[in-house]
Structures are given as C-alpha cells and as structure tokens.
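Here the protein sequences come in this chain order: S and H. First residue of the first sequence: 8, per my numbering; consecutive thereafter. First residue of the second sequence: 8, per my numbering; consecutive thereafter.
No wet-lab data here; the hints were simulated from the structure. Do not rely on the hints blindly, as some may be mistaken.
Identical chains share a label here; the pair holds if one copy fits it or two copies do between them.
What the hints assert, rightly or not - Each computed DMTMM-like pair below joins lysine to aspartate or glutamate, with the alpha-carbon atoms no more than 20 Å apart: (1) 233 / 513; (2) 10 / 472; (3) 16 / 661; (4) 583 / 472; (5) 421 / 694.
Protein chains: 2
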Amino acid sequence: MNKFSYIGKSVKRKDALLKVEGLSKYADDYVFEDMLYAAAVRSPKPRIKILNISDAKAKKISGYVTLVTHKDIGGVKQWPIVINDYPFLCADETKFEGETIALVVAKTLRAARKAAKLVEIKYKELPFLTDPLKSLEKKSLKIYGSDNIFSKFIIKKGNAKDAMKKADIAVKDEFSTNYQVHGYLETQCAIAVPEPGGLMTVHSSTQCPFYVHDAVAAVLGIGYNKVKIVQAVTGGGFGGKEDVPALVASHAAVCAVKTNRPVKLVYDRKEDFMSMSKRHPSWSSVSYGAKKDGKITSCIIKYVLDGGAYSTLSPIVLWRGAVHAAGPYKIDNILIEAYAVATNKAPSGAFRGFGQPQISFAQESLIDDLSEKLSIDPIDLRLKNIIGPGAKTATGQKIEASCGLKEALLAVRKNSDWNKKIKAKKFSGEKARGIGISAVYYGVGLGAKGKFLDRAGAYVNIFRDASVGINVGNTEMGQGALTVLSQIAAETLNAPYENIRVQEVDTSKVSDSGPTVASRTTLMSGNAIIEAAKPLRNRIFTMAKSMLLKKGAESSAIMNAYQGVFSMGGKKVSFKEVIAECWARRLKMGEQGWHIAPNTTFNDKDGQGDIYSVYSYNANIAEIEIDKETGVIKPIKMSCAYDVGKIVNPVLAEGQAEGGILQGMSWALYENLVYKNGKMLNPNFTDYVLANTNDKPEYDIIFIEKLYERGPYKAKGMGEVPLIGMAGAIANAVKNACGIRVKKIPILPEDVWLGLKNKRKAK
Amino acid sequence: MNKFSYIGKSVKRKDALLKVEGLSKYADDYVFEDMLYAAAVRSPKPRIKILNISDAKAKKISGYVTLVTHKDIGGVKQWPIVINDYPFLCADETKFEGETIALVVAKTLRAARKAAKLVEIKYKELPFLTDPLKSLEKKSLKIYGSDNIFSKFIIKKGNAKDAMKKADIAVKDEFSTNYQVHGYLETQCAIAVPEPGGLMTVHSSTQCPFYVHDAVAAVLGIGYNKVKIVQAVTGGGFGGKEDVPALVASHAAVCAVKTNRPVKLVYDRKEDFMSMSKRHPSWSSVSYGAKKDGKITSCIIKYVLDGGAYSTLSPIVLWRGAVHAAGPYKIDNILIEAYAVATNKAPSGAFRGFGQPQISFAQESLIDDLSEKLSIDPIDLRLKNIIGPGAKTATGQKIEASCGLKEALLAVRKNSDWNKKIKAKKFSGEKARGIGISAVYYGVGLGAKGKFLDRAGAYVNIFRDASVGINVGNTEMGQGALTVLSQIAAETLNAPYENIRVQEVDTSKVSDSGPTVASRTTLMSGNAIIEAAKPLRNRIFTMAKSMLLKKGAESSAIMNAYQGVFSMGGKKVSFKEVIAECWARRLKMGEQGWHIAPNTTFNDKDGQGDIYSVYSYNANIAEIEIDKETGVIKPIKMSCAYDVGKIVNPVLAEGQAEGGILQGMSWALYENLVYKNGKMLNPNFTDYVLANTNDKPEYDIIFIEKLYERGPYKAKGMGEVPLIGMAGAIANAVKNACGIRVKKIPILPEDVWLGLKNKRKAK
C-alpha cells in the first residue's frame, strides 16, 4: 500500500496549544537564580572616534555591577561570520549610530538601562557615508577597504551587450527598494549561564543556534565542547534571528564570564530597530532585449545592495540575489554585476528571500514593460521564456524534472480570471482595479556559496514506552518545523504522530546542522531524520513481521504499516508492542542521521555553475484597488501557485504562503524606514508601519506538487518563496490599474497620487 | 606501532581541579527561580494503619504551600522497580519507621521541614517483624505475600548432601553480617523543574539516571520523551544512589506538578539514614566437605538476606550473592538456597558488592577453618581448588582465558611474606599480629538476571574545532568514569586527551544505558564509545592518510597515530587539521554507539548457566594487629592483587582499590547500625562510625592484567571487586592472630575481648 499515514495531511500543529495558551517560554521568560542584566552603551553618532569611556556617573546607580568593554574579551575580538570585519565590541571607532560600544551589567534591567545611559563617551565625530551609490564612487570617503565594496559577483553568459544591441526591442530602467524590518514578535535576547569548569550555556532567541555556538566559543576563546546553545521558543525569525543573535549572545557571554553570574541581555524595541539587521536597501539598473516574437535574448543588470557598516551576511545575500537576478527565464546572453557596499548605517543582513525580492521586483516590473512594448500578454511573454525541465538558467544549470513553473502560471491565470481582468476598464468612480503577475524561481538551500554549511544532523531516539524524541539542528520559529519534522519521523518509523516529540535544539545533541534559513529545514532536517530513522525502521519492521508471523499471519501475506499499526493477513501488532519487543532484545533504538546536500558548483570568474541542487517555483497574481483621490493601494486578492514539491502539511504550507504574501505586500506597500544623515528617524512600530491582519487580501493558494526525488517524501523548500514575487506582482498591478510604473519600494500612496497628478497634467 | 597514546597511563583526572577547588555543582547547589522546597512526613512507627492526615497546624507555618499525598499522583501508584510492591506514597499503611507518608511543600527549606513536623498523622500501630529468620518461620506474622519471601534462588549441581556425607572432612558454621550505610558525601537530593507542555526535567544526585527516568515518567503518567533527567555531580554512590534517587525524584516531581514550580527535595542526614537503602544484613549457614588431600567436594549453603519493608533490588542482590556463594572454587556438588525476606525496617538495597561481601565473608572464613582441619596452608588449599581457565563455576559456567586468580594468590603470598608470617608467634606484649587470606571472583556486569538492561549507548560528537563531546548513560560518581572514558575516546579517535569532554549525563541524549553499577561502566560505556568512534576513526584515519600523501609522504609508508598527531614517512598532520578537513568535506562527525553485553543464561530450576560474560578476580591478604587488653583490631597492611583485565588508568585503579579496601574494612570492623524494636538508634555519623583516612592501612596493590578480548582495550570491571573479600581476609587474620573465629560482621573490639576472655577461662 502506498497510502501515507501522515505525509500530506494537516495534522495538528505540535506547538499550537502552548502558544494559544501563552505558555511557550520565549528567551526573556527565562529567569535564573542570581541573574544579572546587561544593557548596551551605544554609539551616539554614525561614526566616531572613541576618546574615553567613563562609568563614573553610571556607578552611582544602585545595583550597578560592572562595565564590560572590548578589553574584557578573552577570545577573538572580531565576530567570525563571513568576512570578520565586525568587532564584538568597538575598540576605538564606531561605524553606525547604535553600534554597541560597551555593556553595563547591573542587578536589574532597569538599573542596567539607566546606568548605560549614564556611561559617558568622549568622542570625536568622523565623516560618514549613507548612500551606497556614493560609496561606490571612486573619489568617495573610504570606510571599508580600498573601495567600500564588501563583495562583488559577476554572472556572465554569452555576450549580453552585443545581444542587447541586436535586440528588436529593448527596455531599461532603474529601481530602488528600501529597508524591511523583520518585525519578529520578541526583540533580541540571550541569557548566558556560566557553569563550573569554564562551561557556558546560552539560552537564545535564534534561528541559528550553531552560529551562536561559533561566536560564543570564539569570543570566550574556549572549546566548542564547552559551549552549549539552547534555543528558546522563537516567535518568528525571517532572517532577523539568523546572524545577530550570535552577537547578542556573545555580549551576554562576556558579561557572564566577567561577573561569573547568569546574565540576560534583552533589547528594547528601539535599540532592536537601531542596531539589528534588516533587508538590504537596493538600487538596480535592469535591461532586457527581445525579439519581436517575444523571445528574450539579453539581460544586463547592475545590482547594488546597501550593506551598512559591516559586511555580516551581505556577501551571501548578494550572491543569492545575483544568481537569481535575471529571473526564471531562458536567456542566452546575460551580464549581471552585483555589489554589496559599505555605508555608515546599521548592517543589513538576512531577510526572507535573501537578496531575491529586491531584484525580483525590478526584473519582473521590467518584464511587464517589455510585454507592453511587445504587445504580448505578460503571462504569454513569461510562458514563452520561462525555464522548464531541461532548460538552462542564467548560471547554465540544467533544470531538473521537478519544475512546475508553467503549471503555476497557468493555474493562477485561470484562477484569477486574468484574461478578462487584464483588459478590463480600470476606473469606476474613485477606485481603479489592477491585476499584475510575477514569476519566481528559488534555489532551495544554501547552494554553492554555502555548501560547506549545507549539511544537517538528526538524533532519533525511541524510548522504551514507544515515545520518540527527535533532535535536529534546525529550529522552529513559527514556520511549523516541529510539526512537519514530526510527520516525517512518524511516517518513516510508522509511529503514531502523537508519540513524536521534537525536542528543543541544543547544540550538544546533534552536529552542526547549519542555519535555519534558505527554506532548508524540511529538506535538510527532514532528510537527516529519515537517515537516522532508516536503520530503526528496518529493525522495527523486521520485528513487527516476526511478531505477526508468531501470531499466525501467513508468511506470504504483505505487511501493512499505517498510523502506528502493523498488520498482515488479519493479524495486528501496535508500534508500542513492537518497540517493547525491540527493547527486550536490546536492539539499538537511537541513531544519528546525517544528510548533506548534493554537490553544487559556482565559478567565481563567470558566475556559471550548477549552483543549487533543486529549485522551487512560484507564480503570483496580485489584484489591487487604487483610490484615485488618496493614492491608497488596497490589495484585494492574491492568487499564488507554488511548486515546492510534495506538500507535507497543507494547512501549514498555506500558512507559510499567507504569511509570505502578507510580509511581501507589507514591504511593497507599507514599510518605510527613514534615515536622515545617518540617523534613524522612526525606530518603532508607531512610525514604522507593518501590514497587519486587517490588511490581508483574499488568498487563493494553489500547490503544484512536482515531486523532488531527493527530498524527504519528495518535498522541496517553501519558507521564502511566497514573499519574493509579491512586490513585482503588486507593482505590475499598480501599473495595470492606473498606468503608473512605480520604480521604488515601498509604493506609497503619495507616489501613486503624485503619478496620477502628473499624468493628469500631461493630458 | 602498538604503543598506546593514553590507555594504561595515569593521565590527569578530568574532574580533579573542580573538586579540589570546591566548584563542582552537586544537586543541592542547584537553585532555580521560584523554587519551592519539599520535606517528607514520615511514619513514626515501624508499621501503622493511617487513619487521618491533617495539615491544620502545618498550614500556620509562614511559607507553607501545600501537602502532597498519594492522591496527588497522576500516574501509577507503585514505584516500578523489580516487583513493584513499594508505593510512591503510602495510602493507608506504612511498613517501616521513616517511610514517606506525605510531603510538605513550602517556600523555604526551613519552613518545609518545620511544617512537615506539624503534620498530624492519626494512626493505629500494627504488629511488625524485625528478624528475617523469624519472618521465614511458617507461623510468623505475614507482612509480604503468603511467606514474607521477596525472592528465592536455588543453585544445584551434583548431589551436595550425598557428597557431604562422603567427605573425609566437613566443616559447617553459621555467620551473620549487619547493615552497611553508604556514607556518600551528600544526602539524597532531587530538583524537579516543570516545563510548559507537561515536560519535566529533574536534576538528580544519582548513579542511575535511567531508573529515575522510568520512575518519574511512571509517577507522572507521561511519556518518556517528556522527561529529562540530568545527573548532578554525585559524590559517591556505592549503590546508595542506585534505586533510591528514583523515589526521591518522583516525590519532587509530584510536588512540582502540583505547584507548577521547581521543587527541591533534599534529605537531612538523619532521614537519609532512616529511610534509605543499605547493605542487607545477612544470615548464612555454610558447610564444605573435602577429601584428605584438600580437594573440596561439596558445598551446602543457606543464605538469608534481610530485605526490609519492600523488595526494591533485593531479588537481584540476592541473585548475585547466591550465584557467587560457593566461592571461586571448582566444586562438583553444590546446593545453595538463598532467600530475601521481608521485615519492618528500611528496605535494604544495592551496595558495592551487591550481596557478595556477606556470603564471601562466611564462605572464606569457613575455607580457612577447613584448611585448619586439613592442616593445609590456607593459600595452598585455595590454589588446589580455585577455578582457572577451562574450569567450571558453581553454575556450570566454563571460565574464559582471562582469569588471573592463581597469579593473584601467588602475588599476594609473595608480597606479604605470607609463608613466614602465617607461622609466626603471635603475641608480643599486648599486641598480636595476624595474617589472613581471601579469594574472590566477581561476575562483571548485570549477568543473566539483568541482561535485558545490560546495554549501553554513547554519542561521540566531534566539533569543528576538533574538541570532542562524549555523552554516555553511565555516570561519574567519584570512580573516575569521566577520565577513563575520555582515555578510551581519545585513544580510539587519536584525539588529544585534553580535547575530550564527557558531558553531563542527560537521558535525552543517549538511549537507556542501564544503571551505573556492577562495575560495568568501563566495560559497557567504554565499548559503546568505541562503537560510536569506530566509523569516525575510519573517516579520520582515511582523511589523515590522504592529507599526508598530499604532503608528500610515500604511499608505501605506514601511518602512525599517536596522541593527536598522524605521521607518515616524516610528514605530520594534527588531529585538529584532519578534523577541519573532515568538516570541510561535510563528513559525518557525530555517531551513536550501542553495545550489548554478550548473551548469558540462567536456569531458574537448578541455577545453572553461563551467567556472566566475564569475571574479575582478586586475592587479599590482610595483616592486622590486636590489642589484647581492649580487643581493638588495627589493620596494618593489605596486600591485594586484582585481575580486572587491562588497567586503563593505574592511579585511578589504585584509587578504586584503596577505596574498596577501606570501605570493606570499615564494614568488617566499625560500622554498626543498631535497630531496637524496629527503631533505628544511631542514624548519624556520630554514633555510626565509618573508617576514615586515619584508619587506613598500608596498601600493597598489584594488578594482574589478564586481557579480556571483548573488553574496551581488553579491560574488565574494577569497581566492586576490592571490597568483597576484605571481611573474610580480616576475619581470617583475627583468627590467625588470636585463635578466635568471629562469625559476625562487624568484628567489634568487645567480640575479640570477650573471645580472649573466654579463651583464657577455658585454659
């Protein structure tokens, strides 16, 4: 029988009840005996030379314990991440407003924060940069290396310039996007608990416990086997709990070592805004050339990311953006130049989509402009050019069988009644409706630039009572990992779903499994669980069979395993009974699994290679309504089709889709962080507006399950895909609604209003 | 090269510094935020019917929180151990003075203890039993089942009664032994910490975290995967932290669930004395028959253990005692009957030697009496009869090649100058010197009666910085497990010893590895580590070779691996470099190992079978000095030879020997717990005297390393052996010194004094 027990079913979410009841323990809920509190002393200006630090006034605060500076760091001084330019604590120069200079430790949080404000920094202001395009200018001030460039990539295929000249039709434009703040539930928080013998345990709000592990071992200068990171329940990450928690935990750990007491470091929302990573602002110049029949022949892109003061994950974010920049199209001539550059603002970093949404917005906007010039329906133009099985991507990678982009485009076209709506008259009274499309492909996992990290472990431990403990290195952060991984374990072992518990991630239990990013959790931890479960499954199934035979089943009968029951020729035996027998015979009931992503390649010279082991695909149709008087854009309906391979849990997958759509929409329409002269003007959720549930459109979510043979139960990755194409689809819908091509994100009411006004004038 | 890097070397003890500095965290050192304290309300009499429990007065104590009784137990009511007759908390009847009836929970330890004393128990006294021989009488009061017998074993080979009649010489006598208290550093303690979602973590002072796991899951009625037991640093166990911590932890856990707060339950020394397990008092009748030439032909033994109020581990303690009862001799005709019986005293339980020391004392005393009757030197008589490779034990098991008993006897005879001293004139002035021998064999591990538990897991985890985390299920309790297991891991991986850290035992990290008892840790966890390390070793060694070849080593050269360095043909590469390369290639660097003891058999009908997979051997010569006026016995020198296979760490092995000798001596000469009418009269270390370092004799410790092919680096088990034969050797030395055969343990000065007086009278 090929019927799944749990895969493909919307089983109950493992952590639902605790979250609904408010019982989940987030990092700040942890309190330890004798715990102290730390608060950061931050750079008051975008760039200063530190002349002196004094805690003379701070000391007078009751409960004040100590000041921690870079001098208290026992290990390495620079945070090991990609380039290692970020000091754990500034020694003499700061590079952005809000950068941590020192930490005050006190007996209460209130005292720590109060005292931190009283620490006096004597400094000299230094000149600074805020505009990434200025940073790139040859004559500009240099704040990083000799050229302010953190990282640079070139993707080169055929001869794009030549082909562009020869194209029948060419389009070119420039686009820009602003920051996006992650808006996770709880601010950054870590509690470092020193243990005798120089051990350190850290409870961290994090997506990436192993990054925290690396950083804490480094900053303390102790062995990895003396550090243990335990993930606290994490209320959303979106990339914001990717690299930064390592810095926060390192600060807490240095404080804990200095005081030999547990130390909690928790940020308030303002300092979280000011110092934490965000989606990179971007600037891009994009051009496409095509033949009259719509065949795209050339693509030239220059893509610049504003990396902020330190490189952090910019090289990797840039890489993902660059390799996907041309869009999901077969194009023979491609030239992509991509730069991540330094400015004196908070370091940009990981954010759901990881460099793709910015360039997807630009590129999909321009594809629509191309279709207009060609007088070809935007979907038809895409269908003509999209990659499919056997086609080659911008990096020359041949697409595998698991590719449902065409089906996705056809599905959303049909579901949204596109053919009728695209041509409909737009304005009726004050409101105009518009419809827009975007197509997305997404390399699942870390790909060639992260391949050394693209492995995952799992420890599957079947207890004597047949309950099962699963330990993995990837984290639950709201996306449903606990549930999906439990389904995979239950299915593989034929254990009842309720017997499975995925235990909290603890870096001492499984090998470094890389980060929980890049939509890799189901794929990597899922496969690692299957690797661990395989030998267990063999033992269990063999034992079940022998027990059924003993019970009188015919040996020629076929054994069926379904939802924790084994049956054969009318006889039955439960998972619990089988496990009891396995234990009685002392069979090995705990196994470590290890999965490594298939090998990938990337040639730094021309950017060619088989860069990801598999891709997910997605098509989005956004329907919006514009208020002519105010310019306000109201999303009406999002029809989105996803090929992310097998859907393990439909309700959770829909949740991922809905969340991604809303977050993409929020970035496209609402979120607008304002920096002025290196100072952040709206570091709070009053002045920085996020989409909320009231803004949610109608969702029409479609899954195209193109099975992926190497995925766990043929699944690929889901997490980031839904966000990537939203801005492009919305921008195209705005254009469709009112004829205005807005080339910046967010698309604010005033942009539309102004556009309409200018248009009226032009008439 | 066959040179070991670490095996056989006295490398520095891993936990030495922390213990010397006083930084080790014992269970009572743990304090959790919002933690409450529990204190037991105990049975005031040996046996009562509970009529009513009232906390009316207790409630008035400031800080009082609640009273916890059997009604608060959500899971099963009986502690699952062997027979399951022990209620977690009494419902209506208590069976010994000090039994826990209920628990008071309060905000401070002082308040909890004060309030516990104010809880009023209305009761009716019930008749009770204190003498195990009376319990066995047919007409006696029944307090357990229909015959007061917890457990009974028969070992029967040949026709012992017949052979006894036909013997040229026969000896017969009765012996008795008293309790022994474990005298571990810290009293019983557990802290139960409830976690959201019905999870329970317990920090426990224990030898056996998995027993605690079983009990806590049972008493709470929750899945094993919701319970996590973490061992706190444990200052000695000796069996006293074997079963009982499970009861203590279960009480704490029930209190924690009821209050939804962390709860600490820590005993004061008096209640620890009154309620905790101790070495079983015993009574035995032993007879040996022999031919004139000294060949022993028959052995008949009746062996009775006083199990106390509940069975706990008595069946297993009795079994080990029974199967070893005839001593390490080839005897064709054997009849052993063994009983563990109920009395209304604190339950007896596990204690280093586990039922063997009591009967070894009796049996080795009588072997000496036999040698006297035969006029054969006691060592010669033993040499004539001892088992050796190929010989069969009392249970018909053929002895394996790894048997150094003969060598042990010869070694101690030589080292102690036995031949001269045994015949020396005894009294000179007020002091008489005596010398005595004993021979011991010891089945390593749990044997046939515990075989389902005789398996162990290990998780070996090599981090990216080449530090190594080892996780096992057996515990450090002072014996040196952390060090010996680190040596085994370092040797197998060719990792530097200082790179290894054995992490705290946590039941969620490795599969149920059975108890840390029966001298099985080196053997079982050692083998499990090797199992886990084997595939890692293969990867590491293969990688090292390929790196050395790359460096220019000749492929025909032999690679040498020593103390963390790989070398070949003059080229070198370090463990750290090799591990970095393994990680770069994403090799699996974490493995779970699983070791099961070889199969064993035991026939319940005649007690025959291959009951242990291997035996350790030991010979002891005690030299003592008696003060004629006071009867005080002063141990002068102990010459002890051990065959425990390969010695992994000589200094630690000597430590185990010295500790065992002293503890055996202490039981033989000093420790005297007094019960009167079911009431313990001296539950404290003022009135109950233990040997201390001032009492220590000269140690002469010899290791006979008969290698055991299936042991880790050919080691067997060491922990319990040194204690077992001490009482027999000392009793024989007393006899040799002054001619008095003392047939009870402890041998008190007044016993000797009285013997000498009677002897003088008889003259």
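- Item | Alpha-carbon proximity between residue 583 and residue 472, which holds within one copy, between copies, both or neither at 20 Å | within (7 Å within a copy, 41 Å between copies)
- Item | Same-copy or cross-copy closeness of residue 233 to residue 513 [CA-CA at most 20 Å] | Both. Shortest intra-copy (13 Å) and inter-copy (15 Å) distances satisfy the 20 Å Cα cut-off.
- Message: At most 20 Å between alpha carbons: which applies to residue 16 and residue 661, within, between, both or neither?
- Response: within (12 Å within a copy, 61 Å between copies)
- Item | Identical-chain pair category, residue 10 with residue 472, by Cα at 20 Å | Result: close neither inside a copy nor across copies, 26 Å intra and 45 Å inter.
- Message: One pair to classify: residue 421 and residue 694, alpha carbons no more than 20 Å apart. Within, between, both, or neither?
- Response: neither (39 Å within a copy, 91 Å between copies)
Checked against the numbered hints above, the structure breaks hints 2 and 5 and satisfies the rest.
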